[in-house]
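Note that the sequence shown covers residues 1 to 489 in my numbering.
Heads up, a few of these hints could be off.
[Unchecked claim] For each label pair, taking beta carbons as the anchor points, the in silico distance ranges come out as:
1) P160 / M214: 25 to 33 Å
2) E54 / D408: 23 to 31 Å
3) L333 / R259: 27 to 35 Å
4) E477 / E170: 55 to 63 Å
5) R39 / G256: 41 to 49 Å
6) R259 / P47: 18 to 26 Å
7) R39 / S484: 47 to 55 Å
8) Q11 / R39: 15 to 23 Å
9) D408 / E172: 56 to 64 Å
10) R382 / R344: 16 to 24 Å
11) Q97 / A474: 48 to 56 Å
12) R39 / Q97: 26 to 34 Å
Because the hints were derived from the structure by calculation, they are not lab data.
Glycine residues also receive a C-beta, built at the ideal position from the N, C-alpha and C atoms.
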Amino acid sequence: MTEALALAEVQRLRALVTERLGFRFDPERVHDLTAFLLRNGRARGVPPAAYLDELLLAEDAELLDLAAAYTIPETYFFRDTGQMEVLREELRRLGEQRPCVRVLSAGCASGEEPYTVAMLAHAELARPEHVSILGVDVNGALLELARRGRYTAWSLRKTPEAEKRRYFVEREGRFEIRESVKRLVTFERRNLVREATAFASESFDIVLCRNVLMYLSPRAARELVHELARALVPGGLLLLGHAETLRGLSDDFELGHAREAFFHRRRGRAAGRRQSSRPTPFGARWRSEPAPRTVRTEEPSSPPSAREPAFAPFPSGAPTPASKKARDEGLRLALDLFRRERYREALDLLDRAGGDGGSSLLRGVLLLLAGNVSEAAACADRLIERDALDASAHYLLALCAEQAGELDLAIAHDEAATYLDSSFAMPRMHLGRLFRRKGRSDLAQRELRAALRLVGRETEERLSLFGGGFSRHAWLELCRAELSRCEGS
1 MTEALALAEV
11 QRLRALVTER
21 LGFRFDPERV
31 HDLTAFLLRN
41 GRARGVPPAA
51 YLDELLLAED
61 AELLDLAAAY
71 TIPETYFFRD
81 TGQMEVLREE
91 LRRLGEQRPC
101 VRVLSAGCAS
111 GEEPYTVAML
121 AHAELARPEH
131 VSILGVDVNG
141 ALLELARRGR
151 YTAWSLRKTP
161 EAEKRRYFVE
171 REGRFEIRES
181 VKRLVTFERR
191 NLVREATAFA
201 SESFDIVLCR
211 NVLMYLSPRA
221 ARELVHELAR
231 ALVPGGLLLL
241 GHAETLRGLS
251 DDFELGHARE
261 AFFHRRRGRA
271 AGRRQSSRPT
281 PFGARWRSEP
291 APRTVRTEEP
301 SSPPSAREPA
311 FAPFPSGAPT
321 PASKKARDEG
331 LRLALDLFRR
341 ERYREALDLL
351 DRAGGDGGSS
361 LLRGVLLLLA
371 GNVSEAAACA
381 DRLIERDALD
391 ASAHYLLALC
401 AEQAGELDLA
411 IAHDEAATYL
421 DSSFAMPRMH
431 LGRLFRRKGR
441 SDLAQRELRA
451 ALRLVGRETE
461 ERLSLFGGGF
471 SRHAWLELCR
481 AELSRCEGS
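Turn these sequences into a full structure, and let the hints guide you.
Right under this line is the structure:
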């Protein structure tokens with residue numbers, strides 16, 4: 001097999017895995033695909049090209065095995081303390097309001113996550129048996145481990161001692177889940193990318209989908225999030241992995257922050273429908289036939305980070321060519337006045353432009369510079385109502401909160417901005433200064449080092465809007481000076 005032929009076959013397999021499973025294979029993982037091709041082709045006594053032809057006509061079982069090997073997770077009980085506290089409070093709230101609570105653990109691996117939910121239900125609810133938890137994963141071997149419910153001490157490394165004693169029985173060096181916890185959880189092998197359409201609408205109150213989206217192509221991630229939104233009740237809770245975001249994937253959720261953790265809620269008020277006093281059998285949670293997808297399947301022409309600048313003061317709608325031309329000209333003139341520090345004239349120009357300019361980020365920045373903190377914050381609030389994933393609006397709120405003396409609130413909005421856009425340098429710098437004021441030199445240094453790495457790649461638009469008239473080089477020097485002060489304190 002020539003090197004060129006091997007590369008062509010690996011690319012065919014990569015395309016097949018993306019199409020069937022939605023998985024995105026990074027270039028550094030190509031060796032996994034090569035090994036899969038060689039091993040399975042050899043086992044059948046056929047060359048890789050012939051084996052690939054068989055895969056094209058076969059069911060997904062073998063590809064699922066490849067996916068399972070690729071996604072072996074690092075998981076343990078009570079992972080992410082902040083999210084667990086959010087989940088604890090949500091279970092308590094739902095337990096007081098509803099006769100049953102329904103939870104989906106998507107990508108549950110060997111079961112630590114859904115069993116943790118079951119333990120929280122036992123801790124918080126008078127009737128934990130009225131909680132039903134479905135754990136779904138692509139990896140059949142891990143699901144067998146989950147059903148057995150026997151774990152090593154390593155999986156319990158973050159489990160409080162009281163919970164260990166209450167929910168586990170130690171036998172022969174292993175920790176076995178008690179039956180009272182086990183009976184709340186059901187496990188199923190599912191390919192979420194292909195089968196999430198089968199979830200019944202509004203069939204879950206809480207969905208955990210942590211560290212799943214990171215493995216998927218943008219299209220597959222958008223479609224999965226769409227189906228999870230449909231499967232959640234209005235107001236339902238969605239928890240993602242620490243490094244994951246819905247930016248560019250969905251507008252169906254509002255971002256929340258509590259207990260030093262981020263979470264998402266499905267937009268819309270919770271319906272006041274009556275529910276059965278017993279959990280619905282999980283067979284009823286799936287549609288009888290997968291429904292057709294309603295999400296557009298074309299890839300975006302540019303990545304989420306390349307969307308139109310968030311500070312555009314004349315947001316989209318359907319303007320006539322004449323009105324659009326006038327708005328574009330108004331924006332150009334306002335930005336020119338802004339760069340020349342003629343803030344009052346720029347603000348007056350935006351006000352005269354009308355339309356939706358009152359909600360623009362540029363107007364909010366101008367109001368803040370003019371000392372109108374409450375109006376600037378109201379501008380940012382309107383932007384977030386329109387797009388909860390607007391990192392720049394959260395940063396503007398952080399600046400407003402600092403001006404109002406609300407340092408903890410400023411930190412929360414800075415953290416939201418960095419969560420929504422990990423390439424955003426300004427809130428990192430701001431966090432460093434805020435943590436330094438609060439005496440947290442360790443956190444200040446962490447954020448300032450991150451800012452130093454990011455400033456060189458920061459967009460010209462954001463430097464212009466939030467840079468205070470300083471050049472990129474000046475921002476780098478400011479970061480270094482702040483970091484030096486922290487390290488010397």
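Practice item. Output the numbers, in ascending order, of every earlier hint that fails for this structure. Key: 2, 3, 6, 9 and 12
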